[in-house]
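J.: Chain E is already provided as a structure; the job is to place chain W on it using the hints.
As they're listed, the protein sequences go chains E and W. Numbers in the working numbering are just positions in the first sequence, counted from 1, shifted up by 330. Numbers in the working numbering are just positions in the second sequence, counted from 1, shifted up by 330.
Hints in this document: simulated from the structure, not taken from any laboratory. Warning: the hint list may mix true and false statements.
Note: identical chains are not told apart, hence a pair may lie in one copy or across any two.
Only pairs whose alpha carbons sit at most 20 angstroms apart, straight line, appear in this in silico DMTMM-like list of lysine to aspartate or glutamate [to be verified]:
{"#": "1", "residue 1": "509", "residue 2": "611"}
{"#": "2", "residue 1": "553", "residue 2": "665"}
{"#": "3", "residue 1": "394", "residue 2": "586"}
{"#": "4", "residue 1": "908", "residue 2": "824"}
{"#": "5", "residue 1": "647", "residue 2": "921"}
{"#": "6", "residue 1": "394", "residue 2": "755"}
{"#": "7", "residue 1": "509", "residue 2": "665"}
{"#": "8", "residue 1": "908", "residue 2": "835"}
{"#": "9", "residue 1": "908", "residue 2": "817"}
{"#": "10", "residue 1": "828", "residue 2": "902"}
{"#": "11", "residue 1": "886", "residue 2": "921"}
{"#": "12", "residue 1": "579", "residue 2": "513"}
{"#": "13", "residue 1": "886", "residue 2": "923"}
{"#": "14", "residue 1": "828", "residue 2": "817"}
Protein chains: 2
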Amino acid sequence: MPHYNPPIRDIKFVLHELLGVGEQYALMEKYKDFSEETFGLIVEEAAKFAQEVVQPLNQVGDAKGCARSSTGEVTTPDGFRQAYQLYVQGGWPSLACDSAYGGQDLPKLANSVLYEMLNAANQAWTMYPGLSHGAYECIHAHGTEEQKNIYLPKLVSGHWTGTMCLTESHCGTDLGLLKTRAEDVGGGQFSLYGTKIFISSGEHDLAENIVHLVLARLPGAPKGTKGISLFIVPKFTLDQAGKLGERNKLSCGSLEHKMGIHANATCVMNFDGAIGTLLGEPNKGLQAMFVMMNAARLGVGMQSLGLTDVAYQNSAKYAKERHQMRSLKGSQKSDSPADPIIVHPDVRRMLLTQRAYAEGGRAFSYYVALLIDTEQCHPDEDTRGDAAELVTLLTPIIKAFLTDNAFMSCNEGLQVFGGHGYITEWGMEQFVRDSRINMIYEGTNTVQALDLLGRKVLRDMGKSLKKFGRQIQEFIEEEGVRKEMSEFIDPLADLASKVEKLTQEIGMKAMMNADEVGAAATPYLRILGHLIYAYLFAKMGKIALKELKSGDDFYKAKLATARFYFARLLPETSTLIKLARAGSSNLMALDAELF
Amino acid sequence: MPHYNPPIRDIKFVLHELLGVGEQYALMEKYKDFSEETFGLIVEEAAKFAQEVVQPLNQVGDAKGCARSSTGEVTTPDGFRQAYQLYVQGGWPSLACDSAYGGQDLPKLANSVLYEMLNAANQAWTMYPGLSHGAYECIHAHGTEEQKNIYLPKLVSGHWTGTMCLTESHCGTDLGLLKTRAEDVGGGQFSLYGTKIFISSGEHDLAENIVHLVLARLPGAPKGTKGISLFIVPKFTLDQAGKLGERNKLSCGSLEHKMGIHANATCVMNFDGAIGTLLGEPNKGLQAMFVMMNAARLGVGMQSLGLTDVAYQNSAKYAKERHQMRSLKGSQKSDSPADPIIVHPDVRRMLLTQRAYAEGGRAFSYYVALLIDTEQCHPDEDTRGDAAELVTLLTPIIKAFLTDNAFMSCNEGLQVFGGHGYITEWGMEQFVRDSRINMIYEGTNTVQALDLLGRKVLRDMGKSLKKFGRQIQEFIEEEGVRKEMSEFIDPLADLASKVEKLTQEIGMKAMMNADEVGAAATPYLRILGHLIYAYLFAKMGKIALKELKSGDDFYKAKLATARFYFARLLPETSTLIKLARAGSSNLMALDAELF
Chain E
331 MPHYNPPIRD IKFVLHELLG VGEQYALMEK YKDFSEETFG LIVEEAAKFA
381 QEVVQPLNQV GDAKGCARSS TGEVTTPDGF RQAYQLYVQG GWPSLACDSA
431 YGGQDLPKLA NSVLYEMLNA ANQAWTMYPG LSHGAYECIH AHGTEEQKNI
481 YLPKLVSGHW TGTMCLTESH CGTDLGLLKT RAEDVGGGQF SLYGTKIFIS
531 SGEHDLAENI VHLVLARLPG APKGTKGISL FIVPKFTLDQ AGKLGERNKL
581 SCGSLEHKMG IHANATCVMN FDGAIGTLLG EPNKGLQAMF VMMNAARLGV
631 GMQSLGLTDV AYQNSAKYAK ERHQMRSLKG SQKSDSPADP IIVHPDVRRM
681 LLTQRAYAEG GRAFSYYVAL LIDTEQCHPD EDTRGDAAEL VTLLTPIIKA
731 FLTDNAFMSC NEGLQVFGGH GYITEWGMEQ FVRDSRINMI YEGTNTVQAL
781 DLLGRKVLRD MGKSLKKFGR QIQEFIEEEG VRKEMSEFID PLADLASKVE
831 KLTQEIGMKA MMNADEVGAA ATPYLRILGH LIYAYLFAKM GKIALKELKS
881 GDDFYKAKLA TARFYFARLL PETSTLIKLA RAGSSNLMAL DAELF
Chain W
331 MPHYNPPIRD IKFVLHELLG VGEQYALMEK YKDFSEETFG LIVEEAAKFA
381 QEVVQPLNQV GDAKGCARSS TGEVTTPDGF RQAYQLYVQG GWPSLACDSA
431 YGGQDLPKLA NSVLYEMLNA ANQAWTMYPG LSHGAYECIH AHGTEEQKNI
481 YLPKLVSGHW TGTMCLTESH CGTDLGLLKT RAEDVGGGQF SLYGTKIFIS
531 SGEHDLAENI VHLVLARLPG APKGTKGISL FIVPKFTLDQ AGKLGERNKL
581 SCGSLEHKMG IHANATCVMN FDGAIGTLLG EPNKGLQAMF VMMNAARLGV
631 GMQSLGLTDV AYQNSAKYAK ERHQMRSLKG SQKSDSPADP IIVHPDVRRM
681 LLTQRAYAEG GRAFSYYVAL LIDTEQCHPD EDTRGDAAEL VTLLTPIIKA
731 FLTDNAFMSC NEGLQVFGGH GYITEWGMEQ FVRDSRINMI YEGTNTVQAL
781 DLLGRKVLRD MGKSLKKFGR QIQEFIEEEG VRKEMSEFID PLADLASKVE
831 KLTQEIGMKA MMNADEVGAA ATPYLRILGH LIYAYLFAKM GKIALKELKS
881 GDDFYKAKLA TARFYFARLL PETSTLIKLA RAGSSNLMAL DAELF
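So that you can see chain E by itself, here it is in the shape it has in the complex (with noise of 0.2 angstroms):
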């Protein structure tokens, strides 16, 4: 059975030794009293809850499943309506919350950590909470004051949760297309009808009310995107005070028959009739959503770097403890009759890559959510809007670049195990299943990249990309004098360089032929990926420089990840740069009908 040990002195390091969090919210009123020492007790305790209530529950889950009863009503495996309680019971749901609705008014970023490690311990039960923020956060940035009364303190508190009703059968990407219909019925209500399916979390036992956002269009709506408007649908109706009323005529279908996360009720939903309010306005439903989906694809993001890591750690055991062949110098540890399968250079490999991409990972994410509550609570105006605009920036690419490294590190912790990893009682085939959804929803891989490089990119003509490269410009100025930094600045300065022109490379060809973009999307996210994990780990590299006199394994450790990365990993950039430089003819050419 996996084991998970919340990796506290790790998050500790980019929180205070990599991002100086403590001096950026001394500068926010909002946060200036949270301390160094506050954020380790939630860290600590966050842990605790992590290890102890949620990640037993995490293999019974994938094994029992959900079921659904012939009525419709779903039940989650034994233990996760109890942790949900205990969750609730603990605050957790309020963590990052407005106090004006019963939250901590803590910062985004605990919130971040807590889910770090909420995910490394159980993807599947995370995301029942998970959905909620985004809930929160939609109704809080577009709701009425009366929709902020009646659901706010509901959802902060726990007890209800919420879903994205986004995806019908004929449409997931092309949210245009859908078809579900809303009729205003007077008195500020409407009539939803139509199905909805991959509801996460859509149906459950945890929570006394559930918060659907649906979306849907009004009669005589514009076709298109430009039609769909946004709706809070309660599973149960509410009167004007709050009040749970009846069962609202919405109900599930049936649940999904997936991969992984099976623990998780991925429901088909139908809404015949079910009374809602709108949300926003009307045929602005998409925007509005996307306050929402932002916030799911750095919650994405934050599922893979848990699973990567929680990954890397059971792999990591298992090649210390595992003990079959000599090591190709000859025999390490005499006294038993094979050394442990950790001193092969590959099975190295396979465990770096993992500890990096969690490292690497972790300082990434953490640092868009610092940027966030920049965004949000920074006292100057232009440090505001700058962290705005990097945010919008960097999230597809946390959404993409962490989806995908977790994929490729839970494999490589799978082959560590060898045939041990493709039995499901040690738990590494699960994390593989799990991770693999990641890449998928909240937008595929493929449209974060389209995103990323058209719209992010190219229409403001690399305008927030060359902020961005301003202040990886000035690191490589300051450090690049510093001849034992040379190591890690010389790559980021040749890599930086190469980005500039290879985007304006594409963005001369994209002009002649809009096709260029698709075809260079997918390996240009991927080498921005690894621009930002080559200057994080070049700054974490410096600060393990730096400390290694301390004599602290800690360090040492540090250094070793970053020189990895660097040798290992950022290569892949040599033929990024060429698949991201090879055009669309080679896709085009042959004929669909060929295929």
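T.: Structure of chain W alone, referenced to chain E:
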């Protein structure tokens, strides 16, 4: 539900246009009457059997899996037994077997073609007959006349199946640690005691007897791999005439729960004094078993080739049928509310990756199967020797390169389906799960890489590799003068020259530090894989260029796939060469306890 259309024309293209098998077999006495027409009939009949009998059982087999009774009897999923009976009745097990034992004396290559299609249709089912052929080869090579007369006719007819019993819970890669013991009980018989795990098809209801080839130690045998003997241990004991007697003292202790290949019974096998006979010399069991192991490694390649192709077929179909969003260049199908997703460059990248790996894998594995026939039946001794050398060199590449590529390809196929790819019903996630084991069993891909670089390349100072290199060089020199071939020949020549230098460099480093072999092996194997694919795609490109004027779209598609391979898959070597040269220090720096 997924479909499978056996790619008959693609198969014949490789057999006749690429490999010119007719000309080859005309030289071999044993196969000289084996005409293109006969081969064609076999391909078509095998295709029908795979598509109509075996494929329909794939998804139901996955859902149901095998069941074990309290007494250790194993039931395969509904329909498996009937399909196996039809397989036996059709004479398929005997295809490439010796006519002295009832076989059809057909080339090994015919068997490879059959197995590509059976595996594409249903890998789990195909594993039942699949291992029998290895057992047949091992007994054929090492058995006494009596053993051959008893076992071979039954394995050839398919009335009995075979297994390989190697792994124990504490040893998979490191068979030198195995503990199962054999006691001489007189009369040429031995009694076996021990527990084997991960025994594919270890117990089932398809055949009247199961022939276990079991590795065990004789009393007083030397420690390690030099003290391992091989035994034939049947499920039902046999009298001297080969008549079935009583149940032998061996049983299936449990079935493993695993990620995929659910319909194949992966058994824990308990030997509690089971009676068997020695196969080959005492203490030379591992060498004898390698006959079966090498056959199995090539067999795993065919499993992965099959899955690559069937996943491709299904995702290509979906991409043509699924309408979602518009082309980046604007609407392509204005009569429909959206364009088919095959208009998108990145979807085509995924499809063409699968397609190129299917075509490359087919060309490569058929080429090696033809080499095996050449090794065994060519009239010229030197030619036989060269072929044997090449088969030895290429076997680990077939195993690791095809299985890694298949897993990537099945994942690309799943991704093309978006959220639907994650749902069991569509069948794509089963291909991913099934294909994952191929990277592990019959020697993990790390073991293959070490075998290739350490044993097959460096041990003989690159002699076999140079011989293969000369063959490529001749092709380069012949075709290099033709301008229209330069798009293929230039990158092929470039890679061939890099491989030569790289091999020398690693050889030098390995003399100083054995860990350099382990640090370079995995990327090195993929580089050789690409060298071979570049060679074969250049040859296929040449044929396609020549036949293009016929106006047959088949060649247009072949050319487009070859061009895609050179533009988008071969560039992986830029990174791989860096990794193969990156050295061991970045892997070995971190103390094991700091992982």
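J.: Within a copy, between copies, both or neither: which one fits residue 509 and residue 611 at a CA-CA cutoff of 20 angstroms?
T.: This pair counts as within: shortest intra-copy Cα distance 19 angstroms, inter-copy 73 angstroms.
J.: Check residue 908 against residue 835 for me: Cα-Cα at most 20 angstroms, and say if that holds within a copy, between copies, both or neither.
T.: Within one copy only: 12 angstroms inside a chain, 25 angstroms across chains, cut-off 20 angstroms.
J.: At most 20 angstroms between CA atoms: does that hold for residue 647 and residue 921 within a copy, between copies, both, or neither?
T.: between (50 angstroms within a copy, 13 angstroms between copies)
J.: Between residue 828 and residue 902, at a C-alpha cutoff of 20 angstroms, which is it: within one copy, between copies, both, or neither?
T.: Answer is both: 14 angstroms inside a copy and 18 angstroms across each meet the 20 angstroms cutoff.
J.: Indicate which option fits the pair residue 394, residue 586 if close means a Cα-Cα distance not exceeding 20 angstroms: within, between, both or neither.
T.: both (14 angstroms within a copy, 17 angstroms between copies)
J.: Please sort residue 394 with residue 755 into within, between, both or neither, judging by C-alpha distance up to 20 angstroms.
T.: both (13 angstroms within a copy, 19 angstroms between copies)
J.: At most 20 angstroms between alpha carbons: which applies to residue 908 and residue 817, within, between, both or neither?
T.: between (24 angstroms within a copy, 16 angstroms between copies)
J.: Taking 20 angstroms as the upper bound on the Cα-Cα distance, should residue 509 and residue 665 be classified as within, between, both, or neither?
T.: Only across copies: residue 509 and residue 665 sit 18 angstroms apart there, 70 angstroms inside one copy, limit 20 angstroms.
J.: How would you classify residue 828 and residue 817 at a CA-CA limit of 20 angstroms: within, between, both, or neither?
T.: within (18 angstroms within a copy, 25 angstroms between copies)
J.: Could you place residue 886 and residue 921 in one of the four classes (within, between, both, neither) given a Cα distance threshold of 20 angstroms?
T.: between (55 angstroms within a copy, 9 angstroms between copies)
J.: Up to 20 angstroms between alpha-carbons, please classify residue 886 paired with residue 923: within, between, both or neither.
T.: For residue 886 and residue 923, only the inter-copy Cα distance (12 angstroms) is at most 20 angstroms; the intra-copy one is 56 angstroms.
J.: With identical chains treated as interchangeable, where does the CA-CA distance between residue 553 and residue 665 reach 20 angstroms or less: within a copy, between copies, both, or neither?
T.: This pair counts as between: shortest inter-copy Cα distance 15 angstroms, intra-copy 74 angstroms.
Hint compliance for this structure: no hint is broken.
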